[in-house]
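J.: Keeping their order, the protein sequence lines are chains A and B. Here the numbering used here is used: position 78 in the first sequence is 176, and no number is missing along the way. Here the numbering used here is used: position 20 in the second sequence is 28, and no number is missing along the way.
Everything hinted at is true.
Ranges between beta-carbon positions, derived for each pair: (1) Pro126(B) with Glu447(A): 26 to 34 Å; (2) Ile141(A) with Thr93(B): 50 to 58 Å; (3) Lys444(A) with Val31(B): 52 to 60 Å; (4) Val145(A) with Ala32(B): 22 to 30 Å.
The calculated PhoX-like cross-link candidates involving lysine-lysine, where the alpha carbons are at most 25 Å apart (straight line), are: (5) Lys97(B) with Lys436(A); (6) Lys436(A) with Lys137(B); (7) Lys444(A) with Lys115(B); (8) Lys137(B) with Lys444(A); (9) Lys368(A) with Lys322(A); (10) Lys102(B) with Lys444(A); (11) Lys158(A) with Lys265(A); (12) Lys436(A) with Lys102(B); (13) Lys221(A) with Lys166(A); (14) Lys115(B) with Lys233(A); (15) Lys380(A) with Lys137(B).
Going by beta-carbon spacing under 7 Å, a handful of chain B positions derived as facing chain A: (16) Arg109; (17) Tyr112; (18) Phe114; (19) Lys115; (20) Ala131; (21) Ile132; (22) Tyr133; (23) Arg134.
Calculated directly from the structure, the hints in this document are not laboratory data. Owing to the predicted nature of the structure, the values given are computational and were not obtained by experimental measurement. Glycine included, C-beta positions come from ideal geometry on N, C-alpha and C.
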Amino acid sequence: MNPLIMLTTLQYSVAQFIPGGDWIIQLIFYLFFFIFILYGQKIQMYVMIREVQGSLYRLKYIRDEGRKITIETINEIGKPQSDPTPRVDRFLEYFTISPQSLDPAGIVWKLEHILNIRDARFKDEVKLMAPSADKTQAHNLENTLEAAMALNYIYKIIRHFYLLGKKTLSLYVIMQLQMVLPLVMREAEAYASALKAFAYGQPIGDGAGALVAASLMHGHETRKIPEDCVVATVQIEGRSAFVIKAEGPGGNVGKPGDAIKTIIEENEGKIANIIMIDAALKLEGEPVGEVAEGVGAAIGGPGVDQFKIEEAILKHRIPINAVIVREDVGDAVSPMRKEIFDAVDKAIERIKQVILEKTKEGDKVIIAGIGNTIGIGQ
Amino acid sequence: MQEASSDRTRVSPYIWLLVIITVAISLILLLLALQEITSEQKDETLATYLLLAGAVLLGSAAYAMIQTRKRVFRAKIESHPIMTTIECKKCGFKSTREFQRGDYIFKESERCQKCGNPTIIAAIYREVKEKEKKRFTS
Ligand SMILES: [Zn+2]
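Given the sequences, and given the hints that come with them, work out the whole structure.
T.: Structural data, given as structure tokens:
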């Protein structure tokens, strides 16, 4: 609704009632005109600030809800002696400093070391917060806390730029914030539903790879291999396949890099092929649960595991194939959609096809299901 | 959370007041228009303008209402029902129930309702109703 058009229409109608009304309306008309010319940008900026403020309220709500669910879950399954709230609040502010990359040689090992320390600290903290949680529940709680931390971080960053924008009244600070907000909000919503899934121990979309591996190894004997992974030897089309996944059903991604390296070394490098299955981000417009195939180490995360796998296969010149299940950010961290669940059979078909085409009977292959195995046993 | 909800209630009375005033003005304008139309020496252009202004104001009031409604509606974290499917290994009998804490895929579950053999949890998933029309799918 344009106020200028409304004014012009009113100008004519009011002029007929009041003698001299024409003059007053005309004055108001020009006043409006100049206000819009001189302060148009300011007005636009305030509208933007309002918009960001609305999103910020929502972010705050999501973060507080996440914190509440986390504390409730800790109280329910951890049965702590004292109130875990202050400990959780302190933990939400926990940060990790990534290693210096000025001289990048050897940075992977530094990063791995830092991540190991972080992991150990998380485990200790969860043990203190929830002494009576079993291993599965402790894993789930770790994941829940991590999601709560992410939500807290997103809220603080957006709040920082919102307050900065208000303080400086710089159109560019506010505009940048307003432009990225839709994507940030999507991410926050995704973390919020992830947090719920973690708290209840429901399988998430990211677990598609783990679920494929679990389906392949189900009914076979499994043994543990480092780090937090399990392996089963399964006969597929006359080949012996070492099926690897993170140990479930607790929220856990394991260290598939170490696991694959272990299996390769156990077999002295005599592996004909490695097939990795993972959930991968889809582009908008691609259907959820679509299965695609390619080459390379299909694994996300900080990159340590991908690096290790690539090192190991390079040493023994082992070919590597990847099968991915497509899904978007929201699907990847929220409870597994039916479409993704149904994609498991298609992915298994693809794996069998690759094995038939790329290997001979009697060969040894590694099939690694990558992803968070929360809510998925073996 | 308490702060956020108190903020929301702090905002809404103003919006309400604004909406009520707008609705009142628009009703007066519409009444004037009606009076103009029914009066003996009627001025059709004036009646049209009054009608137009009244309708626009009423429309904007309705729009503001819808907007605030939307915001209240969106202030929940979405949750879909999560279903657990239990399958009998022997006879293949399947049953579906709502997810319970502790469920996981391939967990041994209660005895089969039909044949009494052990069952496992075969699937845990969330069903999403896709609202959007499918376009550019290939
Ligand atoms: Zn049965």
